[in-house]
Amino acid sequence: MNYTKQIQDIAAKLFAEGKIDVFVGYRVNGFDDNQVPALITDPQDVPKLVFTDKSVFNLVNYLKSEHTRRKRVGLVVKGCDSRSLNLMLTESQVKRENLYVIGICCEGVVDETGQKMQNCVECAVPDAVVSDELLGTPMSGSLTLTYRVNADIAKLSEMPLTERAAYFEEVFENCIRCNACRHSCPLCYCAKCCIDQETATLYNGANTTSSAFHALMTWSLHLAGRCVDCRNCEKACPSHLPLHLLHKQNESVIYENFQEHLAGVIPEDRGAFYKYSLKDPDDFIM
Amino acid sequence: MEAEVKDQLVSIEKPELIAPPDWEPVIMGILCNWCSYAGSDLTGTSRIQYPPNIRIIRVPCSSRVDPWFLIKSLQTTADGVLVSGCHPGDCHYISGNYYARRRFLVTKKLLNFVGFHENRIQFSWVSAAEGPKFAKVVIKVTDDIKKLGPLHLYKKENFEKK
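Chains as they are written, first to last, in the numbering used here: chain S, 141 to 426; chain G, 106 to 267.
Simulated from the structure, these hints should not be mistaken for laboratory data. Please read these numbers as outputs of a predicted model, since none were measured by experiment. All C-beta atoms in this analysis are idealised placements derived from N, C-alpha and C, irrespective of residue type, glycine included. The reader is advised that the hints may include incorrect statements.
[Said to hold, decoys possible] Straight-line alpha carbon distances no greater than 27 Å define the calculated DSS-like cross-link-like pairs of lysine-lysine that follow:
{"hint": "1", "chain 1": "S", "residue 1": "Lys159", "chain 2": "S", "residue 2": "Lys211"}
{"hint": "2", "chain 1": "S", "residue 1": "Lys415", "chain 2": "G", "residue 2": "Lys245"}
{"hint": "3", "chain 1": "S", "residue 1": "Lys415", "chain 2": "G", "residue 2": "Lys252"}
{"hint": "4", "chain 1": "G", "residue 1": "Lys241", "chain 2": "G", "residue 2": "Lys251"}
{"hint": "5", "chain 1": "S", "residue 1": "Lys375", "chain 2": "G", "residue 2": "Lys214"}
{"hint": "6", "chain 1": "S", "residue 1": "Lys295", "chain 2": "G", "residue 2": "Lys214"}
{"hint": "7", "chain 1": "S", "residue 1": "Lys419", "chain 2": "G", "residue 2": "Lys251"}
{"hint": "8", "chain 1": "G", "residue 1": "Lys245", "chain 2": "G", "residue 2": "Lys177"}
[What the hints assert, rightly or not] The following label-pair restraints were derived from C-beta to C-beta distances:
{"hint": "9", "chain 1": "G", "residue 1": "Pro156", "chain 2": "S", "residue 2": "Lys211", "range": "57 to 67 Å"}
{"hint": "10", "chain 1": "S", "residue 1": "Glu252", "chain 2": "G", "residue 2": "Glu121", "range": "31 to 41 Å"}
{"hint": "11", "chain 1": "G", "residue 1": "His197", "chain 2": "S", "residue 2": "Asp422", "range": "32 to 42 Å"}
{"hint": "12", "chain 1": "G", "residue 1": "Asp127", "chain 2": "S", "residue 2": "Leu301", "range": "24 to 34 Å"}
{"hint": "13", "chain 1": "G", "residue 1": "Glu121", "chain 2": "S", "residue 2": "Asn238", "range": "52 to 62 Å"}
{"hint": "14", "chain 1": "S", "residue 1": "His323", "chain 2": "G", "residue 2": "Ile162", "range": "29 to 39 Å"}
{"hint": "15", "chain 1": "G", "residue 1": "Glu121", "chain 2": "S", "residue 2": "Glu396", "range": "29 to 39 Å"}
{"hint": "16", "chain 1": "S", "residue 1": "Met299", "chain 2": "G", "residue 2": "Lys252", "range": "18 to 28 Å"}
{"hint": "17", "chain 1": "S", "residue 1": "Leu301", "chain 2": "G", "residue 2": "Thr181", "range": "39 to 49 Å"}
{"hint": "18", "chain 1": "G", "residue 1": "Ile162", "chain 2": "S", "residue 2": "Met299", "range": "53 to 63 Å"}
{"hint": "19", "chain 1": "S", "residue 1": "Gln337", "chain 2": "G", "residue 2": "Pro237", "range": "35 to 45 Å"}
{"hint": "20", "chain 1": "G", "residue 1": "His197", "chain 2": "S", "residue 2": "His323", "range": "34 to 44 Å"}
{"hint": "21", "chain 1": "G", "residue 1": "Glu121", "chain 2": "S", "residue 2": "Ser417", "range": "22 to 32 Å"}
[Unchecked claim] A few chain G residues facing chain S, derived, Cβ under 7 Å:
{"hint": "22", "residue": "Leu122"}
{"hint": "23", "residue": "Glu129"}
{"hint": "24", "residue": "Ala143"}
{"hint": "25", "residue": "Arg163"}
{"hint": "26", "residue": "Tyr203"}
{"hint": "27", "residue": "Tyr204"}
{"hint": "28", "residue": "Arg206"}
{"hint": "29", "residue": "Leu210"}
{"hint": "30", "residue": "Val211"}
{"hint": "31", "residue": "Phe228"}
{"hint": "32", "residue": "Ser229"}
{"hint": "33", "residue": "Trp230"}
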């Protein structure tokens, strides 16, 4: 998977026609061949742009930054990224007319070790669902959109309660409350976040296990039914916490009970928590 | 007798920790203004007794309850949470409790997934006319949480090692 040439051509054309003010793509990191996001405003920098299977980050996240707000933006999206873009459009966070979206039919990206990422192996929507221009051969038609239970979730759910509590206590202990998971998530766009009230209190200092519990649980529940499984949070986490477990658990509960999954695939669909059915399970309520 | 009392002070999630001997459960009750809050008022005016462990917060609707409220109360002092709202179909705002119902299920399952006993987070539908039912619900929740023991919630300094 290498669309470097096409993306450079399109970016150069867009700058020449004056259609965009800033282009958000990937460039090669200065000292090894890993890639970092690139926000390009000068057409001279266009040759820096690349796209290979090491283009891991979700660039939709940069639509919440100062550099792109109220500007015309060119953007590269993979399948999962385009779903988060779809949700941002539905939730009126960005204007579609300000965007020029280059969609990629993604064959999966690799992690630092060169292996295909787990969410890419399980991916059900590899093609960009929002795009002005689609690169590559669409493959979604050949894939089934059936829900698959994540192996980690199945394993953890079978563990006894005390073991699970001990496992997650370790996870919360290792959290350093840097909030990188929140900042790296395209769908966490609130200017003021409710979990920051926690850090403001002297009573319960910034970096305790219980405050990490509070922050991660609130964060994952505010993303329940909206998470697109791009794993930007896990890539950003300096402690390598298994953050996908929380999202996958929510996803499995939502699918089993409300038959909703794959957020952001359908335009104008706001996810499981924005609708209801009279037949929703009621047996857990007294 | 001594052993029995001690067993009650052991949290089900973390059996190696023991709470102080004067432990009593604290239950956060989040009640909808239009049904359950009026229901609890009726319980009081009808002179029906219920345990004083519950601390009540009034909210405009059960859909006002962000999952954050439950997490925050468990994190700070509460050993359990009870959220109560109108019966399905009776919502003052027509459909608020249907939205809330979905969120409650996901919240309960996620907290259970990270190692909380499922009885720590309980929900009920209590209407304004169901004073005796409210008392029954509070008695049941208090009993359940007394059986589960204190919530450790990673605050090890509050507990002794066994």
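Hint check:
At roughly 10 Å between alpha-carbon atoms, Lys159 (chain S) and Lys211 (chain S) fall within 27 Å of each other, so this suggested pair holds. Restraint check for Lys415 (chain S) and Lys245 (chain G): not satisfied, since their Cα atoms lie roughly 31 Å apart, outside the 27 Å limit. Restraint check for Lys415 (chain S) and Lys252 (chain G): the C-alpha separation of about 36 Å exceeds 27 Å, so the hint is violated. The hinted pair formed by Lys241 (chain G) and Lys251 (chain G) meets the criterion: a straight-line CA distance of about 15 Å does not exceed 27 Å.
Distance restraint check for Lys375 (chain S) and Lys214 (chain G): the Cα-Cα separation of roughly 26 Å lies within the 27 Å cut-off, and the hinted pair is therefore satisfied. A C-alpha spacing of about 15 Å is found between Lys295 (chain S) and Lys214 (chain G), which places the hinted pair at or below 27 Å, so the restraint holds. Using a Cα cut-off of 27 Å, the hinted pair Lys419 (chain S) and Lys251 (chain G) is violated, with the two alpha carbons roughly 33 Å apart. Distance restraint check for Lys245 (chain G) and Lys177 (chain G): the Cα-Cα separation of roughly 23 Å lies within the 27 Å cut-off, and the hinted pair is therefore satisfied.
For Pro156 (chain G) and Lys211 (chain S), the Cβ-Cβ distance of about 59 Å falls inside the hinted range of 57 to 67 Å, so the restraint holds. For the pair Glu252 (chain S) and Glu121 (chain G), the beta carbons lie near 37 Å from each other, so the given range of 31 to 41 Å is met. Our hint of 32 to 42 Å for His197 (chain G) and Asp422 (chain S) is violated, since their Cβ atoms are close to 19 Å apart. Between Asp127 (chain G) and Leu301 (chain S) the CB atoms are about 26 Å apart, so this pair conforms to the stated range of 24 to 34 Å.
For the pair Glu121 (chain G) and Asn238 (chain S), the beta carbons lie near 57 Å from each other, so the given range of 52 to 62 Å is met. A hinted range of 29 to 39 Å for the beta carbons of His323 (chain S) and Ile162 (chain G) is consistent with their spacing of about 31 Å. For Glu121 (chain G) and Glu396 (chain S), the hinted distance range of 29 to 39 Å is satisfied, since their beta carbons lie about 33 Å from each other. Range check, Met299 (chain S) to Lys252 (chain G): Cβ separation about 22 Å, and the 18 to 28 Å hint holds.
Checked against the hint of 39 to 49 Å, the C-beta distance between Leu301 (chain S) and Thr181 (chain G) comes to roughly 22 Å, which is inconsistent with it. As the Cβ distance of Ile162 (chain G) to Met299 (chain S) is approximately 34 Å, the hint placing it in 53 to 63 Å is violated. Our hint of 35 to 45 Å for Gln337 (chain S) and Pro237 (chain G) holds, since their Cβ atoms are close to 38 Å apart. At about 38 Å, the beta-carbon gap between His197 (chain G) and His323 (chain S) stays in the expected band of 34 to 44 Å.
A hinted range of 22 to 32 Å is violated for the C-beta pair Glu121 (chain G) and Ser417 (chain S), which are about 43 Å apart. With its C-beta approaching chain S no nearer than about 11 Å, Leu122 (chain G) sits outside the 7 Å limit, and its interface hint is violated. Residue-level restraint check for Glu129 (chain G) is violated (minimum Cβ-Cβ distance to chain S is 20 Å; threshold 7 Å). A distance limit of 7 Å between C-beta atoms decides the matter here; for Ala143 (chain G) the minimum to chain S is near 18 Å, and the interface restraint is violated.
The beta carbon of Arg163 (chain G) comes no nearer than 19 Å to any beta carbon in chain S, farther than 7 Å, and the hint placing it at the interface is violated. With a cut of 7 Å, the hint placing Tyr203 (chain G) at the interface with chain S holds, because the nearest CB-to-CB distance is about 4 Å. The beta carbon of Tyr204 (chain G) is positioned within 7 Å of a beta carbon in chain S (closest approach about 5 Å), and the interface hint is therefore held. Hint status for Arg206 (chain G) relative to chain S: holds, with the closest Cβ pair at about 6 Å, below 7 Å.
Checking Leu210 (chain G) against chain S by beta carbon gives a least distance of about 6 Å; that is within 7 Å, so the hint holds. Below 7 Å, beta-carbon pairs count as interface contacts, and Val211 (chain G) has one with chain S at about 5 Å; its hint therefore holds. The interface hint given for Phe228 (chain G) is met, as the beta carbon of that residue sits about 4 Å from the closest beta carbon of chain S, less than 7 Å. Hint on Ser229 (chain G) holds. Least Cβ distance to chain S is approximately 4 Å, under the 7 Å limit.
Among the interface hints, the one on Trp230 (chain G) holds; its C-beta lies about 6 Å from the nearest C-beta in chain S, closer than the 7 Å criterion.
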